Amino acid sequence: MTTLAIPLPKRPAHPTGVLAWLTTIDHKKIGILYGVTAFVLFITGGLEALYMRFQLAQPGQDFVSPEVFNQLFTMHATTMIFLGVMPLGAAFFNFVIPLQIGARDVAFPRLNAFSYWTFLAGAILLKLSWFLGGAPNAGWFGYAPITGSDFNPGHGIDYWAVSLQVLGIASLAAAFNFIVTIVNMRAPGMSLMRMPLFTWMTLVTSFLLVLAFPVITVALIELMFDRFFGMNFFSIGAGANPLLWQHLFWIFGHPEVYILILPAMGIVSEIIPTFSRKPLFGYPVVVLSGVIIGFMGWMVWSHHMFTVGLGPVANSVFALTTMAIAVPTGVKIFNWIGTMWNGSIDLRTPMLFAIGFVFLFIIGGLSGVMHSSAASDAQQQDTYFIVAHIHYVLFGGSIMAIAAGAYYWFPKMTGRLMDERMGKLNFWLVFMGMNISFFPMHFLGLDGMPRRIHSYDSAMGWDLWNLVSSAGAVVLAAGILVTIINMVRSAKQGEKAGADPWDGRTLEWSIPSPPPEYNFEQIPTVHGKDAFWMQKRQRVSTVPVAGASGDSHDIHLPQPSYWPLIASIGLLIGAYGLVYSATWTGIIVGAVGLATTVVSVYAWSFEPVNEPVEGAAGH
Amino acid sequence: MAHAEAAAHGGEHEETSTGLNHRKLLMWAFLGSDCMFFGSLIATYVVYFGRSKVGPFPEDVFSIPTTSVSTFVLLMSSMSMVLAYAALNRGSIKGFRIWIASTAIMGMTFLAFQVFEFTDFANHEVHLDCVEIRTNEAAIEELTDYEKTFVDECVEGVDEFEEQHGLTPRTNLFGTTFFTLTGFHGAHVTLGVIWLLSLLFFSFTRGGVTPARSLDVDLAALYWHFVDVVWIVIFTVVYLFGVFPGI
Ligand SMILES: [Cu+2]
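Residue numbers (our numbering), protein chains in the order written: chain A, 5 to 623; chain B, 979 to 1225.
Calculated directly from the structure, the hints in this document are not laboratory data.
Predicted model only: the values in this text are computed from it and were never measured.
Facing chain B, according to a computed beta carbon distance under 8 Å, are these residues of chain A, among others:
1. Ala111
2. Leu176
3. Pro218
4. Thr221
5. Phe229
6. Met235
7. Asn236
8. Leu248
Under 8 Å between C-beta atoms, here's a sample of chain B residues computed to sit facing chain A:
9. Ser995
10. Ser1011
11. Leu1019
Just so it is clear, CB atoms sit at the ideal spot from N, CA and C, and this is done for glycine as well.
Bound conformation, chain A alone (with noise of 0.2 Å):
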């Protein structure tokens, strides 16, 4: 190998405390850094939330300015999105993921880790538009031209615009992991039909990341020459069309949809058969239809543009693609009805939680198909119904699915049962909360509520149940509060969860809780769906049990690494120069955290995964 002449700070073999977590590449480590890190975003989302709320539950308020109010929903939806829901998903890909198809780690463990810094990295500078002249204000979709120099001087939508691509980064990074991992590291007998829904739906998440993410790095680099050198990709006056932002966008912004809600529905269609007892109905239906939503979530992106004048040729295909993709949807749902029929159901918390999400997830679904014929549209588009739906599909559908999967498993995480009933409180908090605070912007909107206006006047009759959606958001919040609560105190002195506390069907039972850090002291032979059920129940011996045989000092792990951390701070560096590239201050800081990213991938690329001699340096 070749000689670094650069002096290298000593390798971490063994590093303990915070050095142990800032130099991990193990998959579980980063999972809990996922988690954890999303959930605090989630909440800063949810404060964005709150101060809409107070603002909007009076008439004639002025509790925040208009301007402010812009950011905050910016701000909000952007959070919500990128920081709280995707990287949620990412933290149960990173722990469950290598679990599930018995691997020992990801495809690319440094990779990973680099994934999730980068993932920090991006959510910090976007925070710090808030302390650094103003978040960004154009809405999360950034419609061109308001978000042009011209109409948007400042830097709030530079801060957006960069800290997205840094996003995307992070993300793409993470989706060629998980690619290869299922594709390529599932425990022999493994085949693609015998993955639990959850790798399935993973992997399918993982495909629309890869194909989606480019089209909005594309989008966001045009945004950015025009903003920056001046370019005229957005400008009307040289004969753009802004309706290309839109295409672009929700090219994008449509398979996104999906990456929010598959992983979930791969979570629930998880939990619904452990706590129903009973095998998934209709496995290969289910698959199936997860596949087909994938690529069908590319033929419908303009039903978000139905309103501006596409034409009725396009405006009735989009609509009947539309209609057709619920198709799929449904056939999920009745999978789940039937998996639960005649089932010997245990409502333990993270079934409430699944059940509560089929059952919002039918009522987002059910808006979803009445604006999905153009002309009801036409009506909706930009009202509080639309407001109202997304957050049935996004918060009934993704957040109540992914509280199921961390009460499902919090015990393989930290080897401790979460309070049940704190559990059965948190999730009738949140049940009533959302859909007292969600419901009534059904009726807002049918009654001509605009989206995204600071305030309104009395004469309109929104009052009451504006009133109303803001006091549901105070008892969603109390929830959430809960959950906090619940996952801190089970944490330090949670009931001992044993490996396998549901009687689990999958193979991240057959290992103790917390997992050792290799994982499986053996690798499993899997001999069909369901594996480690089928070995409790038929007694096919296909992994030894735990701690009885194999030599863990045998295995070799690969070594903590600095360089994915180092590579990800020049990037925060790097993209915070950018912002000011028009100084020369800018293009200075820019540079160097540029030159800083360089440095430590090529440093990374010639690092050995475990240096030969334990502790050596740079060899």
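Fit chain B with the ligand to the supplied structure of chain A, relying on the hints for placement.
Chain B with the ligand only, in chain A's frame:
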């Protein structure tokens, strides 16, 4: 042995579910993603084609013969890349060095053409032979649409009209979309050249490039061929259709 360990060591002998190496699969996934990247840039170019309000336009600046030469050089570099990989697998490290160096040189030649082309476009001059225009009716028909807008400059006493009207990324939609698309392609080629030169450099270190580690070269080749194919699409869509919109 952990899979990951084998992967990062580039060993081709690891066992995977599909038999396909981790890094090779990663490369394919990346190229799929990159297809969407270039697809979006090309789509932007096509959507804005003919929408520029001011010149110069494609037929004013493009020189198909020049770009055909650089396209040919890039295509030949793909062949040379194949020969480099074959030489390595034959065990001829010398042959590998020769062919990988020639691939890199051809890549750099392509980049030099691009730099020349960009400067040439930025310094584009409108040149009218006013004598010819006054004496020969048909001469005006030979002019491009953009040049025709300058015919009025050929007033009495002016025999020759010459004025600089460069094409930059800010000039018009054509400049914006053209430089962005071909610029990102050029960046890909630059990255490829750095990669090829690194392989050449490491072929001089002990165990840096060996037949047993031919995957390292295989991945670079995959990337290089992809970048070439993208150029074929750009050359057809941007250059050929830009000058001969009829075909
Ligand atoms: Cu959509």
